[in-house]
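There are 2 protein chains.
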Amino acid sequence: MSGPLSDIRVLDLTWVLSGPFATMLLSDMGAEVIKVERPGMGDIARGNEPNVNGVSTYFLSLNRGKKSITLNLASPEGKEIFLRLVDRADVVVENFVPGTMSRLGIGYDALKERNSRLIYAACSGFGQNGPYAAKPAFDIIVQAMGGILSITGEPGGPPVRPGISLGDIAAGLFLCIGILGALQERQKSGLGQMVDISMLDCQVAIQENAFVRYLATGEIPAPLGTRHPVFAPFQVFPTEDGYIAIATMGGVQDQWPLFCAVIGRVDIIDDPRFETGWRRSQNHAMLEPIINDALRMRTTREWLAEFETVNIPCGPVKNIAQAVADPQVAARNMITEVSHPQAGKFKVVNTPLKFSRTPGHIERASPDLGQDTEEVLSRLLGMTGAEIARLMETGAI
Amino acid sequence: MSGPLSDIRVLDLTWVLSGPFATMLLSDMGAEVIKVERPGMGDIARGNEPNVNGVSTYFLSLNRGKKSITLNLASPEGKEIFLRLVDRADVVVENFVPGTMSRLGIGYDALKERNSRLIYAACSGFGQNGPYAAKPAFDIIVQAMGGILSITGEPGGPPVRPGISLGDIAAGLFLCIGILGALQERQKSGLGQMVDISMLDCQVAIQENAFVRYLATGEIPAPLGTRHPVFAPFQVFPTEDGYIAIATMGGVQDQWPLFCAVIGRVDIIDDPRFETGWRRSQNHAMLEPIINDALRMRTTREWLAEFETVNIPCGPVKNIAQAVADPQVAARNMITEVSHPQAGKFKVVNTPLKFSRTPGHIERASPDLGQDTEEVLSRLLGMTGAEIARLMETGAI
Chain A
1 MSGPLSDIRV
11 LDLTWVLSGP
21 FATMLLSDMG
31 AEVIKVERPG
41 MGDIARGNEP
51 NVNGVSTYFL
61 SLNRGKKSIT
71 LNLASPEGKE
81 IFLRLVDRAD
91 VVVENFVPGT
101 MSRLGIGYDA
111 LKERNSRLIY
121 AACSGFGQNG
131 PYAAKPAFDI
141 IVQAMGGILS
151 ITGEPGGPPV
161 RPGISLGDIA
171 AGLFLCIGIL
181 GALQERQKSG
191 LGQMVDISML
201 DCQVAIQENA
211 FVRYLATGEI
221 PAPLGTRHPV
231 FAPFQVFPTE
241 DGYIAIATMG
251 GVQDQWPLFC
261 AVIGRVDIID
271 DPRFETGWRR
281 SQNHAMLEPI
291 INDALRMRTT
301 REWLAEFETV
311 NIPCGPVKNI
321 AQAVADPQVA
331 ARNMITEVSH
341 PQAGKFKVVN
351 TPLKFSRTPG
361 HIERASPDLG
371 QDTEEVLSRL
381 LGMTGAEIAR
391 LMETGAI
Chain B
1001 MSGPLSDIRV
1011 LDLTWVLSGP
1021 FATMLLSDMG
1031 AEVIKVERPG
1041 MGDIARGNEP
1051 NVNGVSTYFL
1061 SLNRGKKSIT
1071 LNLASPEGKE
1081 IFLRLVDRAD
1091 VVVENFVPGT
1101 MSRLGIGYDA
1111 LKERNSRLIY
1121 AACSGFGQNG
1131 PYAAKPAFDI
1141 IVQAMGGILS
1151 ITGEPGGPPV
1161 RPGISLGDIA
1171 AGLFLCIGIL
1181 GALQERQKSG
1191 LGQMVDISML
1201 DCQVAIQENA
1211 FVRYLATGEI
1221 PAPLGTRHPV
1231 FAPFQVFPTE
1241 DGYIAIATMG
1251 GVQDQWPLFC
1261 AVIGRVDIID
1271 DPRFETGWRR
1281 SQNHAMLEPI
1291 INDALRMRTT
1301 REWLAEFETV
1311 NIPCGPVKNI
1321 AQAVADPQVA
1331 ARNMITEVSH
1341 PQAGKFKVVN
1351 TPLKFSRTPG
1361 HIERASPDLG
1371 QDTEEVLSRL
1381 LGMTGAEIAR
1391 LMETGAI
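So the sequences go chain by chain: A and B. If you're matching positions, the first sequence starts at 1 in my numbering and goes up one per residue. If you're matching positions, the second sequence starts at 1001 in my numbering and goes up one per residue.
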């Protein structure tokens, strides 16, 4: 093990995406992540297609580097083994509907009696309290209820989902931050605590700008295509052969005059409608056609060269294949290869967490269901092969 | 100070969004965040409209809880003060174009000589190495180049930007994780290190599913409106009076038969085209009209009641005003009020990081430019009022 978290052990009860994304980040940073799964079935994401040689790519991507043990938490023996593992763990993570763990007798109150240093991190659709606490939720539900679909899409058009499972991914990132924050605090106090992450809360948090604009002005934010709500020009424009993204800096270092010079429209530099980034944003309906007419005259490649020369931030709009082939993505080693016994060599996205002295890395491929049960139970709990075989027979593991 | 990071001091050189979002999270968790700004000018986001009583809401939202000191890092005296503060800091964070800090003589190599325990966290458009390292970038540029615009929008339509500055927000979240990971490691080694976060890397990381699907199958992901790429039904559908988000669980607990029963179409339960979530996703063009016809017959409210009864995850599509008014958002205390001397009482988004034993909170409003210079220099460096007055005269602070 290497990486900044190489002394941290995580019991990972999470499934599907939000929790597994968080524990993937911990694993990439060197933590020992022991995925605890139901015997016979495991994380339902093991069944998520598309597959490579019968192995789920969805599961492979999120669970690389982790170990898997099977435990029947509803059986007294399975529960006892879990509690003994809790004695030796730094962190327990789960993303069940609130109340599930307590009903099994292994809620935070029970676990902290066993291990006062334990960090117990829970991620759920709506959090551990409030009127919706017991409601089940997946990604699209919290994206819809948090408002982001209402500000994504074409002006006047129907709601659009950002192209990723941002309900889960945002919650996974905050879940990881909460766990690390609690670990830092434990260094002083010697005590663990519970971290309670709500996917809906996280939607509100990542939209702080839209929420605060509404709270301050009373104007309800609406979808804007590709443009930014308070700066302009700061969006994607069509060119002769495709699209270009341009982001001028406003304020005291306003690049507007430079931008006008590049597109050959010095005549509008002093137009009072376009005086500041905010005014250009407010008068966008008049501004956009002027810019569109200018940029449609040349190719994306030609415009990129022009804007780069004067240091105006710009870039091409890439699809996923083009992003994969990007030389910067390669230079940063963001696509890496892992070997899986059944799936063979396959490519996954590498961690964006780059540490100079203790770099993390992907230790190994995603685990088969229960492949590490014996190793973990013998190493951590001192169980013998005979004991483990008996537990397997009773269905506890 | 309270919160899990109450023993951590951060020198925050960041500006605009990605860095300030990360240090806001640290501040909400109780860290002392000292924003270091240029005399006279400060973070250019102080000028970002809309304003409340002349104060930028954009700046207020991101910088609540922080302190502000002014330092001219280009002057020898200003630099010397900065180095003395580095001696007393746990973390330095910056989001300049790579090379900026080294040109000022305060790059990581120089700072670690002063303080070997220092965590130096840098966030940039493309990271500290690679062919694009020196290019400037703002949010929309890395969103365009990372591919997410190409998978957001209507099928066959133009690129659409997710409604938030996801290039900055994602990078800010990873930046916070990197800082906390390095702090955790320092407990063992006693040593700091550099954390190098690239906004483009973070775009790749949050799109792991799209990248891995492409890498495994060679099919280039495309925009899908509101639907999920590998599950169905898992999207937003129009109803008689609006929209509803529905997310059925697939796999071994497939809710498809239940879903069909609710919409009154038990006849399609065993249709081989719709046998699994993946097949329904592949045959979506045939499935969607069937569901649309059924759901258009009743209101969102009526359908929510139906789906909730059978525990199929569902929710309304809310706009920002409706999300603000949501009782769950209120129960979780996600909107909170801060008092600012000039702006008055204003509402901001609260932290989604909920800790049971050491809850964080928002200590105070955003700082005026340099309002804490005297307090910080006298408390941390033992400077007298006369010394500080002289430095002010020379323009070093």
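Check each hint, because a few of them may be wrong.
[Claimed, not checked] Taking lysine to aspartate or glutamate and the DMTMM-like style, the derived pairs with C-alpha atoms no more than 25 Å apart in a straight line are:
#, chain 1, residue 1, chain 2, residue 2
1, B, 1188, A, 87
2, A, 135, B, 1302
3, A, 347, A, 368
4, B, 1079, B, 1302
5, B, 1188, A, 368
6, B, 1079, B, 1374
[Unchecked claim] To be clear about the criterion: a stretch of chain A counts as covered by chain B if any three or more of its residues have a C-beta under 8 Å from a C-beta of chain B, and this derived list gives those stretches:
#, stretch
7, 143-155
8, 170-178
9, 317-323
[What the hints assert, rightly or not] Sample of chain A residues with no beta-carbon within 10 Å of chain B, all distances over it, derived:
#, residue
10, 86
11, 213
12, 241
13, 297
Since the hints were made in silico from the structure, they are not lab data. By construction, the Cβ of each residue, glycine as well, lies at the ideal position given by its N, Cα and C atoms.
Here is what the structure says about each hint:
1. B:1188 - A:87: 21 Å, holds
2. A:135 - B:1302: 17 Å, holds
3. A:347 - A:368: 18 Å, holds
4. B:1079 - B:1302: Distance ~65 Å between residue 1079 of chain B and residue 1302 of chain B Cα, so the pair is violated.
5. B:1188 - A:368: Violated. Residue 1188 of chain B to residue 368 of chain A sits at ~32 Å, over the 25 Å cutoff.
6. B:1079 - B:1374: Between residue 1079 of chain B and residue 1374 of chain B the Cα gap is close to 16 Å, so the pair holds against 25 Å.
7. 143-155: holds (count 12)
8. 170-178: holds (count 6)
9. 317-323: Three-residue rule met by the stretch 317-323 of chain A, so holds; n is 7.
10. 86: 17 Å, holds
11. 213: 6 Å, violated
12. 241: For residue 241 of chain A, whose nearest Cβ neighbour in chain B is about 14 Å away, the distance exceeds 10 Å, so it holds.
13. 297: 19 Å, holds
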